[in-house]
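For the protein sequence lines, the chains are A and B, in the order given. All residue numbers for the first sequence refer to this note's numbering, where the first residue is 1 and numbers rise by one. All residue numbers for the second sequence refer to this note's numbering, where the first residue is 1 and numbers rise by one.
Check before you lean on any hint, since a few could be wrong.
Since the list gives no way to pick out one identical chain from another, each pair is judged satisfied if it fits inside one copy or across any two copies.
[As the list claims (entries may be wrong)] Quick list of in silico lysine-lysine cross-link-like pairs, DSBU-like style, CA-CA up to 35 Å:
#1 Lys206 with Lys176
#2 Lys176 with Lys112
#3 Lys20 with Lys54
#4 Lys13 with Lys176
#5 Lys176 with Lys54
#6 Lys176 with Lys107
#7 Lys11 with Lys176
#8 Lys176 with Lys20
#9 Lys112 with Lys276
#10 Lys276 with Lys206
#11 Lys206 with Lys107
#12 Lys13 with Lys276
Simulated from the structure, these hints should not be mistaken for lab results. Only a predicted model underlies this, so the values are computations on that prediction, with no experimental measurement involved.
There are 2 protein chains.
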Amino acid sequence: MAPSQREASPKLKAAMEECKDKINTTIENLIPETDMTESPLFEAMRYSVLNGGKRLRAFMVIEGAKIFGVNPSRARRVAAAVECMHSYSLVHDDLPIMDNADMRRGKPALHKAFDEQTALLAGDALQALAFEIVSSDETHEDPRVRAELALQLASAVGMNGMCCGQMLDLIGETEKFDVGTISRLQRLKTGKLISFACEAGAILGKTNPAHRQALRNYAHNLGLAFQVTDDILDFEGDEEEMGKPKGQDAKKATFVTTMGSDQARQRAEMLVGQAKMHLHVFDEHRVSLLKELADYVLERRQ
Amino acid sequence: MAPSQREASPKLKAAMEECKDKINTTIENLIPETDMTESPLFEAMRYSVLNGGKRLRAFMVIEGAKIFGVNPSRARRVAAAVECMHSYSLVHDDLPIMDNADMRRGKPALHKAFDEQTALLAGDALQALAFEIVSSDETHEDPRVRAELALQLASAVGMNGMCCGQMLDLIGETEKFDVGTISRLQRLKTGKLISFACEAGAILGKTNPAHRQALRNYAHNLGLAFQVTDDILDFEGDEEEMGKPKGQDAKKATFVTTMGSDQARQRAEMLVGQAKMHLHVFDEHRVSLLKELADYVLERRQ
């Protein structure tokens with residue numbers, strides 16, 4: 001991939017920055033500092049979730065919720081839950097028994113900054129916290145919405161979602177997968193949580209099934225595009241910009257190792273085009289940032 | 001502790017056996033076998049949850065639900081969720097970076113039977129599955145009940161519950177705790193999930209707050225009694241009956257290491273007496289097995 005000079009538009013950039021700040025405040029309030037004996041658990045959770053991530057998933061929740069006029073403070077809670085879930089997956093993934101990654105976003109990984117036991121527990125507690133947030137009545141007054149959020153979130157990250165994708169990822173270290181299996185792996189490993197993030201606004205807004213489906217389709221394509229660009233970045237990105245060493249996935253089955261980086265890039269472009277098409281059912285001005293986000297995924301450098 | 005010859009009454013024994021069989025069937029249906037590439041994840045989850053445990057927590061859910069005439073198949077789903085959650089905690093706890101326990105209930109621990117990566121993922125997926133079960137409409141038609149189950153379960157196992165207890169447990173390996181802190185540790189580490197198990201029937205039965213509180217109080221005392229007897233068994237139990245080596249907790253702060261086994265035993269007896277007292281608000285015949293269960297906790301040998 002020739003390094004693109006394109007960046008997120010000023011409008012998208014500003015919206016993403018604002019989202020990041022607000023979500024960080026929400027998370028800081030949800031994981032309080034404490035001076036109790038167990039404080040390392042809380043510090044570790046905060047360290048891993050408040051580590052300067054781009055909050056792409058949170059942004060999806062926030063923008064999806066805006067389409068349906070959802071109360072922003074509710075959307076932020078769900079966005080925070082998704083970020084907690086995402087962080088837990090990174091923390092466990094970085095552990096020495098998994099990817100053994102020492103660095104994460106330019107800082108020591110959680111098990112390096114603390115220790116492996118604390119990292120394991122902090123990951124476990126972050127998963128539980130995500131469910132605690134979505135099922136709380138502060139997130140929505142309608143219990144049907146809360147139960148649906150919990151159900152869809154659980155389904156996105158469990159044995160038929162993220163954990164299944166992780167398992168396939170492990171197996172892919174020794175088994176050669178075709179493009180179909182890699183697509184399925186990525187759909188499970190990262191795509192399902194991204195789908196939840198995009199769909200959550202529609203659940204909060206109690207909208208019709210067609211609108212929910214449109215957001216799911218958008219997310220499906222965007223999630224795959226995201227993973228393809230991730231593979232490309234791992235293959236040829238700038239280590240300093242990414243904050244982690246590249247080539248970490250070289251031994252694994254990825255889109256790049258399977259189809260080469262040129263074809264992978266074409267595929268990502270096609271997926272982003274399809275993602276944007278699914279948003280046609282909504283008023284243009286309500287989804288302009290989600291469309292820009294899709295383009296940004298294609299052009300991101302980290 | 002002089003080894004007691006008392007055993008569970010035939011009635012309690014039969015009820016517990018029946019519960020065990022039915023819960024195992026429920027779990028087998030919830031975690032299907034598969035011939036897909038990811039099958040090791042599903043096998044590992046089944047291996048850890050279907051490993052011959054006594055299903056004390058499931059029994060608490062079932063018996064609690066009976067008080068309020070809850071549909072048994074719904075109660076079994078919640079009981080299965082609690083057992084999945086309990087299993088996940090054992091699997092992560094047994095990992096080499098934590099307790100490094102090779103054996104669990106007389107069989108190789110999950111990370112020995114499979115590998116550490118699969119054990120980590122299976123634990124993660126079991127936690128998610130527990131939430132997926134309770135928030136599904138197959139568990140209750142009233143979304144308020146489903147959301148409340150998810151919320152209470154999350155609160156029981158997260159940063160203010162089980163994970164916090166685990167963190168204290170780790171810290172207790174190097175720091176000397178007083179009895180108050182050990183009580184708090186145990187309340188968090190095992191007590192909160194036991195409380196959820198006892199309270200779940202009341203949530204499913206949509207009963208009044210006083211009844212919910214009574215079951216919570218019963219669980220609080222029973223949970224502590226359970227932990228005290230666990231510490232006693234670890235200190236002087238029969239390795240063959242327990243299926244794991246004893247003395248594993250000798251380096252940790254436990255009730256036995258802090259107050260000695262005689263005093264610990266007295267404390268367990270007092271707690272069981274208090275637990276049974278809280279059940280007085282219910283019809284005697286509806287709670288007779290829960291009372292017997294409390295006595296059994298005191299007398300159990302494994």
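A quick look at each hint next to the structure:
When the C-alpha separation of Lys206 and Lys176 is checked against a cutoff of 35 Å, the pair qualifies neither within a copy, at 43 Å, nor between copies, at 52 Å. In this homomeric assembly, Lys176 and Lys112 come within 35 Å of each other (Cα to Cα) both inside a single copy, at 32 Å, and across copies, at 26 Å. In this assembly of identical chains, Lys20 and Lys54 lie within 35 Å of each other by CA distance solely inside one copy; the values are 7 Å within and 47 Å between copies. In this assembly of identical chains, the alpha carbons of Lys13 and Lys176 never lie at most 35 Å apart, being 39 Å within a copy and 51 Å across copies at closest.
In this assembly of identical chains, the alpha carbons of Lys176 and Lys54 lie at most 35 Å apart only when taken from the same copy (32 Å versus 41 Å across copies). With identical chains, the CA atoms of Lys176 and Lys107 are at most 35 Å apart both within one copy (32 Å) and between copies (33 Å). Taking the shortest Cα distances, Lys11 and Lys176 never come within 35 Å of each other, neither inside one copy (42 Å) nor across copies (55 Å). Taking the shortest Cα distances, Lys176 and Lys20 never come within 35 Å of each other, neither inside one copy (38 Å) nor across copies (41 Å).
Taking identical chains as interchangeable, the C-alpha atoms of Lys112 and Lys276 are never at most 35 Å apart, the minima being 40 Å within one chain and 47 Å between chains. Taking the closest pair of Cα atoms, Lys276 and Lys206 come within 35 Å of each other only inside a single copy of the chain (22 Å); across copies the shortest separation is 45 Å, beyond that limit. Proximity of Lys206 to Lys107 under the C-alpha cut-off of 35 Å is found in neither arrangement, the shortest distances being 40 Å within a copy and 48 Å between copies. Proximity of Lys13 and Lys276 under a CA criterion of 35 Å is satisfied intra-copy only: 18 Å inside one chain copy versus 61 Å between copies.
Hints 1, 4, 7, 8, 9, 11, counting from the list given before, are not met by this structure.
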